[in-house]
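Novice: In case you want the letters, here they are:
There are 2 protein chains.
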Amino acid sequence: MELFGLKVFTLGGFGEIRAGDDLAELVAEAAQSRLLDGDIVAVTSKIVSKAEGRTVASADREQAITDETVRVVASRAHPGGLTRIVENRQGLVMAAAGVDTSNAPDGVVLLLPLDPDASARALCAALRERTGLRLGVLVTDTAGRPWREGQTDIAIGAAGLAVLDDLRGTPDASGRRLEVTVAAVADEIAGAADLVKGKTSGNPVAVVRGLGRLVGDLDAVGARALQRPSDTDMFRLGTAEARAEGYAEGYAAGRAAKGEV
Amino acid sequence: MELFGLKVFTLGGFGEIRAGDDLAELVAEAAQSRLLDGDIVAVTSKIVSKAEGRTVASADREQAITDETVRVVASRAHPGGLTRIVENRQGLVMAAAGVDTSNAPDGVVLLLPLDPDASARALCAALRERTGLRLGVLVTDTAGRPWREGQTDIAIGAAGLAVLDDLRGTPDASGRRLEVTVAAVADEIAGAADLVKGKTSGNPVAVVRGLGRLVGDLDAVGARALQRPSDTDMFRLGTAEARAEGYAEGYAAGRAAKGEV
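Chains A and B, in that order, give the protein sequences.
Numbers in the numbering used here are just positions in the first sequence, counted from 1, shifted up by 9.
Numbers in the numbering used here are just positions in the second sequence, counted from 1, shifted up by 9.
A few of these clues could be false.
Unchecked claim - Below, a sample of chain A positions facing chain B; criterion: calculated Cβ distance under 7 Å:
hint: 1; residue: Leu123
hint: 2; residue: Val230
hint: 3; residue: Arg233
hint: 4; residue: Leu235
hint: 5; residue: Arg245
These aren't lab readings, by the way, just hints derived from the structure by calculation.
This structure is a prediction, so every number in the text was calculated from the model and none was measured.
Glycine residues also receive a C-beta, built at the ideal position from the N, C-alpha and C atoms.
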């Protein structure tokens, strides 16, 4: 059963993370001897941000969102204020650019790690050296998505494992070639880790066991490979924003055509 | 460790499913005595479609997609043909309306179950009666998403478990109220199940253990609760489609304004 099985468990035993903390040391201590070769360590981005000192004063939240924004994808006013869905400097499309006050120390908001793939690579390298094990590391965060209610955790940083499982060309159960199927396994792993970590449990790290087939070179392509470039994204803008752009163009063209019969 | 742990494993032992097959009987036989109270049984939609005879001739694929479509969300021509992302009769936004040839018998394509929540409820009721266990059932399918590369499995049908874990108002690790956080746990469970089922392994059923807290009444709200109504969806249309709508409106308005100075 274990052969086809997956096991996900939290390490626990983490206190409040402070800027400068050595995450590899803390994870290794929390894991003690529980890590095995091929394990994937999923770390909530919040503790990476805290260790990297990626915080700003809560009062500067709106400015911080602006500063983290590369491109506004959609925005909507609501009683609570303005929701901005943007592409952030990490290349992720997220509400509020991923700036978050949940699980943040009093008076500050957390920004996402500057380079989550680099954070994952550093942690993975340090954990591999400490343990001598072939491990993978994911940095995870919670994100909403179009068309579906609720949020799921996704992989915003990755090191030492394949983030996409390209099944194109492989035969399906009936021997036929699969249609376009590239499984975003790193996002599915992040979601599985969230199911045990939760948002409130104070369990920022989960171990996912049973996917050693995905674990490989430390310099495997990171989670950035999961980001669809906006120029190939059929949903690069919100519906209202795209309609407004089209309307302005159309109006100008209609006015310009006024001379025609 | 198991206390905070999750275990996911496949049942295996499934042959080709045919129209009229009793899925509850097949799952119960494959599971033997391996199911426990609180387990969630994740079933790939393909075997539900097969058991329900939801197939059409491959030659009629394009027409089938049209028939399954309630609303075209976006479409794009490419060398292989036309990709249509639509809202289908199940209320799901999916490429090709979820019509799929992978893992389908020769000469036919599979349509999604007509009412995946009803399919899940029937299977869940039958499995609970056979086993006497408090079980949850998910019907899963593979879907793409905006902004992210690759596909993940999502829950298109659900019975006997909470599909959304509403954490709003609960205190976070630092005692502060969490911001808007409603975890789409059913989608995260579907993704975890996909990690062990795979697309080609001939393992259409996975058991997810350790989330008994989510398992409850048979008539709990189904996976339809995970569907965001299009009128509240900021991404209800593709960018190109929304721009074209806006352009046409703007052009007409510009022409109408030709009388003005």
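Novice: Give a verdict on every hint.
Specialist: Consistency of the hints with the structure:
1. Leu123: Given a least distance of 20 Å, the restraint on Leu123 of chain A is violated.
2. Val230: For Val230 of chain A, the interface hint is violated, since the closest Cβ of chain B sits about 11 Å away, which is over 7 Å.
3. Arg233: With a closest approach of 10 Å, the Arg233 of chain A hint is violated.
4. Leu235: holds, 5 Å
5. Arg245: holds, 5 Å
Violated hints for the displayed structure, listed by number in ascending order: 1, 2 and 3.
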